[in-house]
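**Q** Chains as they are written, first to last, in this note's numbering: chain A, 1 to 224; chain B, 1 to 423.
Rather than coming from a laboratory, the hints here were simulated on the basis of the structure. Keep in mind that the hints are not guaranteed to be accurate.
[As the list claims (entries may be wrong)] Here are the computed lysine to any residue pairs in the SDA-like style, where the Cα-Cα straight-line distance is at most 25 Å:
| hint | chain 1 | residue 1 | chain 2 | residue 2 |
| --- | --- | --- | --- | --- |
| 1 | A | 31 | B | 375 |
| 2 | A | 87 | B | 84 |
| 3 | B | 80 | A | 93 |
| 4 | B | 80 | B | 346 |
| 5 | A | 87 | A | 140 |
| 6 | A | 31 | A | 43 |
| 7 | A | 11 | A | 80 |
| 8 | B | 115 | A | 24 |
| 9 | B | 374 | A | 141 |
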Amino acid sequence: MTALDLAQQLKAQFPGLISEPVEFRGEVTLKVSDAERMPEVCALAKRELGFDYLVDITSVDNYGDDPRFMLVYHLYGYGHHCALRLKTDVSEEKGEAPTVTGVWRTADWHEREIYDMMGIRFRGHPDLRRILMWEGYPYFPLRKDFPLAGKPTDVPDVAFTEAAPLAGGPFVTIAGGKDTIAREPRVRIPDADALETNARLERRHDIKEAHGHSHGPGPIEPKR
Amino acid sequence: MTMSEPRDIEFKDAAARVAEPAPLPPGQPPGELEGEKMVLNVGPSHPATHGVLRLVLELDGEIITEARPEVGYLHRGDEKIAENFTYTQFIPYTDRLDYLAPLANNVAYALAVEKLLGIDLQLPPRCQYIRVICCELARISSHLLGVGCYAMDVGAMTVFLHTFTEREKIHNLCESLTGARFTTAYTRIGGLSRDMPPGWAEQCRKFLNEVVVDIDETETFLTRNRIFVDRTQGVGVIPREVAIDYGLSGPNLRGSGVEHDLRKAHPYLIYDQLKFDVPVGTTGDCYDRYLVRMEEMRQSVRIVHQCLDQLPGGPINVPDGKIVLPPKDRVLTRMEELIHHFINVTQGVNAPPGEIYFGHENPKGELGFYINSKGGGTPHRLKIRSPSFVNLSILSWLLPRHMLSDVVAILGSFDFVMGECDR
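The following block holds chain A by itself, in its conformation from the complex (with noise of 0.2 Å):
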């Protein structure tokens, strides 16, 4: 059996919602015409044709065009050894499909990972959450509109945000200074306050910037 013969069994269960099959360089390819019957395509493809394998699912961003997004599913059978493409078109507007989860449990990070990159929300998903990017992040990376450079967001706090052990200690560099020297541990003036020795130290230096000392030594004078 060839992945054509199979193609067209596929085709024949559902007159009218599959095209044609297309063959380009020994890989068949089906389209199915409404997106939100593919969970039914998919499970009649796994249980009667023996498709058993889901090799990945992914998205193609068509910029301008309209459905501008398609979904492109890649099956495999281990018992006929052959492979099959299905694709679906998902429009703007709805950016919005029904989950495969139901047919291969393997369907959750592949549709996790569209969400994150491109933005298609699957209806049914157990846990569609952002998978690569981190949560809260606005933009959609993987669509044509997103530039390659990227845009400016912010980034999340880090993952610790009460007072390490050690936090305020001799030993111990301290976040977010104003440059390297403020940060150094070693030359903090251990019984200060920590905002009042920032503020001081800043002051002496503008005074000395006004006594045009301006390369000098930095906030710290070395005893005589």
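Given the coordinates of chain A, work out where chain B should sit on it, guided by the hints.
**A** The following block gives chain B in isolation, referenced to the frame of chain A:
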């Protein structure tokens, strides 16, 4: 005085007494004594996570009740970069996917683009043989590291030192073959960046004879090692159906007893002319995955030996100036070659419109490239189907019900690379 009846005396050892629950105070229902669940964060910077995988584990005592893998700490946007580069320019980026087997990634990517161009069957024989040697050396290197680190994770330090000694020799071979030890960028679309240097085949044979000894030694360290076997056998069992359902590939899939190897099922290059076996496991536990890797190394040695014996002469590149850069002396003296060189460098190889998927049997599993082309020198969309990404998705199913200390054994047996997972 009469003999009393013999009776059993119940005497528990210290550990059993400690493990016993304290007697309930009178009148208290037992439900209120259930312990709180604890959330433990492992990684992203932890030696057992082999990179920057983060696991959020919910623990009931020492038993894991829920596991949530978090990935993406090494995301560099490789797929976005590919859309903005020519096909040739992207080759160095493939080194940084599975950075423990860059040669195999180079070959996989080149074959994918060549499939799109329709020249994958026209590659000169010498190029195909050298590519196979590259793939198998990469497999040995990757598995040596995988087994060595795995042994160290579960407490055997010596293996790591042995396997890294051998791995060093592979890096030396890579250096003399490609000019770089790690980031090789060796293949070109339609060929290779350079031919084997003189004497390389002999060096390679010498290495193969040495590595076989080392693999045997590693076996004696681990395969019947009581501690290693206790920590891996029956731990992290993945049944065949679940492995397929979660899309596992490579040694992790074969460890679960699925006899599927892309080199056998869909032979590319000259794999159909080579003799090698595909090892499979029976139970799908960590120990089986380890055994599969050990045997795959031996099979790779066998393949490289065959390739070196049969290595043909001749060119290493497709004789087409529109795909491969023409020789420099001709570029400088002839008009046509100069034009080809210029077009190739500035615009890239002109690919036809269409879409292809090529799956390659990488050391970690099926590395696939889906290329959607609208024509021209850059892909419209390039998707990297990385084996580590898919293999890790099973953790949320596999880790619960295991002890916390088994996490290290299970993670090590998966042999994943985050550079490839996060892309």
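**Q** All hints, please: hold or fail.
**A** Right, here's what the structure says about each hint:
1. In summary, the hint linking residue 31 of chain A to residue 375 of chain B is supported, as the alpha carbons are separated by about 21 Å, within the 25 Å threshold.
2. The hinted pair formed by residue 87 of chain A and residue 84 of chain B meets the criterion: a straight-line CA distance of about 24 Å does not exceed 25 Å.
3. Using a Cα cut-off of 25 Å, the hinted pair residue 80 of chain B and residue 93 of chain A holds, with the two alpha carbons roughly 23 Å apart.
4. Between residue 80 of chain B and residue 346 of chain B, the direct Cα distance comes to roughly 19 Å. Compliance with the 25 Å bound is thereby established for this hinted pair.
5. A C-alpha spacing of about 21 Å is found between residue 87 of chain A and residue 140 of chain A, which places the hinted pair at or below 25 Å, so the restraint holds.
6. Using a Cα cut-off of 25 Å, the hinted pair residue 31 of chain A and residue 43 of chain A holds, with the two alpha carbons roughly 16 Å apart.
7. In summary, the hint linking residue 11 of chain A to residue 80 of chain A is supported, as the alpha carbons are separated by about 18 Å, within the 25 Å threshold.
8. With a C-alpha separation of about 10 Å, the suggested pairing of residue 115 of chain B with residue 24 of chain A holds against the 25 Å cut-off.
9. Between residue 374 of chain B and residue 141 of chain A the CA atoms are separated by roughly 20 Å; this keeps the pair inside 25 Å, and the hint holds.
Hint check: no violations occur; every hint is consistent with the structure.
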